[in-house]
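With the sequences and hints as input, model every part of the structure.
There are 2 protein chains.
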Amino acid sequence: MSGIARVVRLARRPGPDIRPEDFKIAEVDLAEPAEGEVQVRNTWMSLDPYMRLPLTGQGGLHAAMAVGAEMEGAAIGVVERSAAPALPVGATVMSRRGWRDRFVAPAAGLQRVDGEFPPQWRLGVLGLTGLTAYAGVEFVLKPVAGETLFVSGAAGAVGSIACQLAKRRGARVIATAGSAEKVDWLLRELGVDAACDYKSEDVGAFLARICPEGLDAYFDNVGGPTLDAVLGVMKPWGRIGLCGAIAQYGDDNYRAGPRDFFTIIEKGLTVTGFNAGLWGARAGGEMLQALGQMLARGDLVWRETVVEGLETVPAAFVSLFDGRNLGKLLVRL
Amino acid sequence: MSGIARVVRLARRPGPDIRPEDFKIAEVDLAEPAEGEVQVRNTWMSLDPYMRLPLTGQGGLHAAMAVGAEMEGAAIGVVERSAAPALPVGATVMSRRGWRDRFVAPAAGLQRVDGEFPPQWRLGVLGLTGLTAYAGVEFVLKPVAGETLFVSGAAGAVGSIACQLAKRRGARVIATAGSAEKVDWLLRELGVDAACDYKSEDVGAFLARICPEGLDAYFDNVGGPTLDAVLGVMKPWGRIGLCGAIAQYGDDNYRAGPRDFFTIIEKGLTVTGFNAGLWGARAGGEMLQALGQMLARGDLVWRETVVEGLETVPAAFVSLFDGRNLGKLLVRL
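Taken in order, these protein sequences are the chains called S and L. Residue 75 in the numbering used here sits at position 75 of the first sequence, with consecutive numbering throughout. Residue 133 in the numbering used here sits at position 133 of the second sequence, with consecutive numbering throughout.
No lab work stands behind these hints, which were simulated from the structure alone. Given the structure is predicted, the values throughout are model-derived calculations rather than measurements. Cβ coordinates follow ideal geometry from the N, Cα and C atoms, glycine included. You may find that some hints are simply not true.
[As the list claims (entries may be wrong)] Which residues of chain L face chain S? A few of them, derived with a C-beta cut under 7 Å, are:
1. V144
2. S200
3. F206
4. A256
5. G257
6. F261
7. I264
8. I265
9. L269
10. V271
11. G273
[Claimed, not checked] Below, simulated DSS-like cross-link-like pairs (lysine-lysine); rule was C-alpha separation at most 25 Å, straight line:
12. K142/S - K199/S
13. K235/L - K142/S
14. K142/S - K267/L
15. K167/S - K142/S
16. K167/L - K142/S
17. K267/S - K235/S
18. K142/L - K235/S
19. K142/L - K167/L
Structure (structure tokens):
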């Protein structure tokens, strides 16, 4: 044994309102790194909405997690003990072993991180977040000048990149977010053409006011009533890109379709789901290169909301679902 | 006044099980054709599943019909009195004034029908039915050799054309229909590779047995539990073309989405709705020409189920929803 790690476990299956008490922090023994293994001290971990899905017990791609199991997710860490020549002490690595402060694992399963950008960007704009936004805008929706694209969850990590990519393509971009501060940020810093705080204006009313001619394309991060409202105002032949459905993740069946699915037939809509896993495997290198170039030129605004320490993780994760955070939510450990 | 017409009216709003008693036949006076008008005796009328939608009172593209209102739909008829030089007595015309035996209307709203094919084909393979099937296969799903396409409602008017078009493109075609006789017809006459009677085998079990590697594409005529089963076995990147949802048309909300909509995100599926209205306006001429050439060469099997007389219309319409008819359901008047 070489020490103690603290790890976040699922304490109980969350109800419709996920709470910090649904998680607990436990201490576990760390084994001595065996041949080919390293011990890593995590420095950054990612909190993403999709991580709620296996907690629901509803199945799907993210299989149901047992109560008591250790949470998982992307993390950046530094090797502090090494029995693997490829990863010496001091090396920075990315893993799927977030939600804990330390771990021991085979070096072969870890990805070394270097390069010109802050390492935690690999958890966001240069990781799953950036790949998701890029695929949705550049490969799925492809908005062009003269078209109006609507982005929900626009001040979030994926949404904020999606807005900027769509603006670069020349589209008119309209957006929703969960506070007046976020709306202000979207308009002033990201150059979004119009935005609404969905907590103070009905999204359907906003769309009718701002875009009476209807929408050409929709980048959907939230599902739920917003998707229902959008289906009502899509133009014929419109495109909807499904990225996530955060407004549904507390539902009895978060996987359910919209109330007015039949509109897809009547309007000849195309609805395409996308995720970083599939698109990353197909075109990840190309996408990360393009995003890296934009970042290097200062052409992409990237905002992180950072909280500190493993003990803050349960409350920070819960905050993802109340619309409080701006940009990418990260924990510095 | 120049006579009497018989017309089918909505007698009451149908329940989940639509019944002939939901309709009634009434006699109405026919006005003398005014200048520019003609009196038409209908010879053929079309019965199509979508005609149930306005009866539900649930809104959508086909606005809710009032109880007592006259039913509508495509019909072929012959001009029997004319006050319009462009349409002399004896001319064959197509109208939206089906569900009645005679009507008087402005000639300008009628379409003259001539050409080498039986006129009632304009209600089917050379009309909305053919356009729908063609658009779904050739413009939306585009199955190719090496791919497996699944067609539900495959022995119906649209489904039977869709199967044949997909076979011509080189795809493997598997199908469901509502009787052993229909399955036999699909296999023997249409060259479908595998087919199942959904009344005697679970569709999910059939798909698992016939296509364990998953589906590349799905031509959906039925929605409901079949769409749920298909979502579970689509391959990543698969395409679903939404044509109709006949299994849902008796539901409280026939417009609702599938239980596992979220699979669209997880598998990166593309779901595209289509209809003859939108695609006909965009490419109707091209599509009808292609279908006409296939028919002229004998390359397309086209089957009609014909019932006789206006009094049979309510029961015939109801029969659309129990899976009894093969091919296109027509009424000869």
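Is it true that the CA of K235/L sits at most 25 Å from the CA of K142/S? Roughly 23 Å between the alpha carbons, so the hint for K235/L and K142/S holds.
K267/S and K235/S: Cα distance at most 25 Å? Within the cut-off at roughly 7 Å; holds.
Is the Cα-Cα distance between K167/L and K142/S 25 Å or less? violated (32 Å)
- Message: Please check whether I265/L passes as an interface residue: C-beta within 7 Å of a C-beta belonging to chain S.
- Response: Holds. Min distance 4 Å.
Interface hint compliance - V144/L to chain S, C-beta minimum distance less than 7 Å: violated (19 Å)
Does the CB of A256/L sit less than 7 Å away from some CB of chain S? Holds. Min distance 6 Å.
Tell me if the interface restraint on G257/L is satisfied: Cβ within less than 7 Å of some Cβ in chain S. holds (2 Å)
**Request:** Would you mind confirming whether the straight-line C-alpha gap from K142/S to K267/L stays at or under 25 Å?
**Result:** holds (20 Å)
Query raised in the report: Under the criterion that the straight-line Cα-Cα distance not exceed 25 Å, is the pair K167/S, K142/S satisfied?
Result: holds (11 Å)
inquiry  = Restraint: S200/L near chain S, CB-CB cut 7 Å. Satisfied or not?
reply    = Given a least distance of 28 Å, the restraint on S200/L is violated.
* Would you check whether I264/L satisfies its interface hint, that is, whether its CB is within less than 7 Å of any CB in chain S? => Holds - the Cβ of I264/L comes within 7 Å of chain S, reaching about 4 Å at its closest.
Taking 25 Å as the top limit, are the C-alpha atoms of K142/S and K199/S close enough?
Not satisfied, since the Cα-Cα distance of roughly 29 Å exceeds 25 Å.
In the structure shown, a violation is registered for the earlier hints numbered 1, 2, 3, 12 and 16, in ascending order.
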